[in-house]
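Line by line, the protein sequences give chains A and B.
Note that the first sequence covers residues 1 to 80 in my numbering.
Note that the second sequence covers residues 81 to 390 in my numbering.
Just so you know, these hints were derived from the structure itself, not from any lab.
Keep in mind that a hint or two might mislead.
[Unchecked claim] Now the stretches of chain A that chain B is said to cover, found in silico as 3 or more residues with beta-carbon under 8 Å:
id, region
1, 10-21
2, 36-45
3, 50-63
Since the model is a prediction, treat every value here as computed from it, not as a measurement.
We put the CB at the ideal spot given by N, CA and C, even for glycine.
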Amino acid sequence: MAWVADELRALRLITSVELVDESTGLLGRGIGLDSMEVLQLVVAAEEEFDLTVDESQLKPEYFRTVGAFATFLQERMAAS
Amino acid sequence: MTGQDAEAEHGRALVSRQDVALAIWLGLLLPLSWLVPPRLWTPICSAISRAVVRLNRRASEARVENARHIFGDCDDVPTPREIVVRSSAGRVERQLQYLRELRPGGWNAHIELTGGEHIDWALAQEAGCIIWVGPTLAGYLVTKKGLYGAGYRVTHLSRMDHGGSESLLGRQLNTIRVRPEARYLAERVVMGDGDELRRTRDLYDRLRANALVSITAVNRFGARMVTSSFLGGEWRLPTGAASLSLATGATLLPTIAVRHSYDHFEVIVEPPLTADPSSDRHAAVDELVHRYVKRMEPYAAVHPEQYDER
Chain A
1 MAWVADELRA
11 LRLITSVELV
21 DESTGLLGRG
31 IGLDSMEVLQ
41 LVVAAEEEFD
51 LTVDESQLKP
61 EYFRTVGAFA
71 TFLQERMAAS
Chain B
81 MTGQDAEAEH
91 GRALVSRQDV
101 ALAIWLGLLL
111 PLSWLVPPRL
121 WTPICSAISR
131 AVVRLNRRAS
141 EARVENARHI
151 FGDCDDVPTP
161 REIVVRSSAG
171 RVERQLQYLR
181 ELRPGGWNAH
191 IELTGGEHID
201 WALAQEAGCI
211 IWVGPTLAGY
221 LVTKKGLYGA
231 GYRVTHLSRM
241 DHGGSESLLG
251 RQLNTIRVRP
261 EARYLAERVV
271 MGDGDELRRT
281 RDLYDRLRAN
291 ALVSITAVNR
301 FGARMVTSSF
311 LGGEWRLPTG
321 AASLSLATGA
331 TLLPTIAVRH
341 SYDHFEVIVE
351 PPLTADPSSD
361 RHAAVDELVH
371 RYVKRMEPYA
381 AVHPEQYDER
C-alpha cells in the first residue's frame, strides 16, 4: 500500500501520500487514472517487484481502490 | 479466437437497420465513385447533400443548431444551415474517395505536407512522436495518404468498429474504410472493448522504440475526458494522446488536414505542444488538451464546413 502511494506521488498523480488510504479510488471520481496512467503504475510495479503482468489478465476491480491494487500486487508476488 | 471473443461474437447482432441503409447508400455511390471523374464530384455531392438535409429535416435542424452554437460568433462564415449542407456534401465526397480507393489505380489527389520538419525534429529526439489529428473531414484518409506520401510510416490507433456499427455486417462495411487506410499505414493498433490496457502498452512500446503514432481527436472514447471551450461552444476530448505523451516523453504534434479543392489537400503539422513538467500530472494533461483545442480553433473558424462535428 505504501509503495502504491509513493508511486502515485512519483508519477505526480497525487501531491502527497497523506491524501490516499486503502479506500481511495484509482479510477473515475477517485484519483481518476486514465488507461495510460494505470499502465504506468503496472509497468512501475513490474520493474520494482520483478513481475511480468499480462494486461489481458487485468480486471477493473484490481484498480478500484489503492488497497485493491496493493492486494493484487501481493498476490502476484506470492504466485511468482 | 479465445472463449471470450467467441462469446462476444455470439452475442453480436448480424445486422442493424443502420447497416442496411449504409449498404444501400454505398451501393448507390459505388458507380458514381468509379465512373464519374472526381472533378465532377463537388456539384453532385452538393446536390445530394441539399436533398438529404431537406428530407432529413429533424436531424438536420439539430446539426444547424449545433453549428449556430459553435460558429455563430465567427466572422465571414456561411450561415449555420449552409455549413451543415457543405459539411454533409463533404461527407459524401469522403465516401466517394474511400470507394474510389478500392478501384484499380485508387483515388489520386495532390496532398501537400506543411510542417514536416516538426516530425523530423521529434524523431531526432528518439522519444517517439504522436501526431494528434484534428477531426476534419479530410482528417482520416487524407492525413494517412499525406504522411505516407512524404515518407513517414505511421502506427495508427484505431477502434475495432471504426466508430460505426458493431454488428457483423457493420464490421464488413467498416472494411471499406479500413482497407484503403491500411495501404498508407505501417500498422494499425486496434482497440476493442476490454483490451485498452494491452493496446495502450502496444503504443507505449512503439513510442519507446521511437515510432510515429497517430491518434485522431474524436470525442467519443476515453477513460478520462476534458472539456475545453471551442469557439462559441465546447469540445470534450479524451486525454489519451496527451497522457501518452507525458508518460513516454514523446513529442505531441497537433495536425490538421484541410481541403483546398476536390484534388488539392494540405496536411498541416503544427509545432509541438508542451506543458509545465513540474505541474500536477492531471493539470499538465488538461493543459495540453486546452492548448490543442486552441490550436484547432483557427482552422475550424476558417473552414467550418470541414470540421467533422458529431
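Now the hints, each set against the structure:
Three residues within the 8 Å Cβ limit are the bar, and the region 10-21 of chain A against chain B gives 4, so the coverage statement holds. Given as covered by chain B, the region 36-45 of chain A passes the check, having 7 residues with a CB less than 8 Å from a CB of that chain where 3 are the minimum. Only residues whose C-beta sits within less than 8 Å of a C-beta in chain B count toward coverage, and the region 50-63 of chain A has 3 of them, enough to reach three; the restraint holds.
Comparing the model with each numbered hint stated earlier shows that all of them hold.
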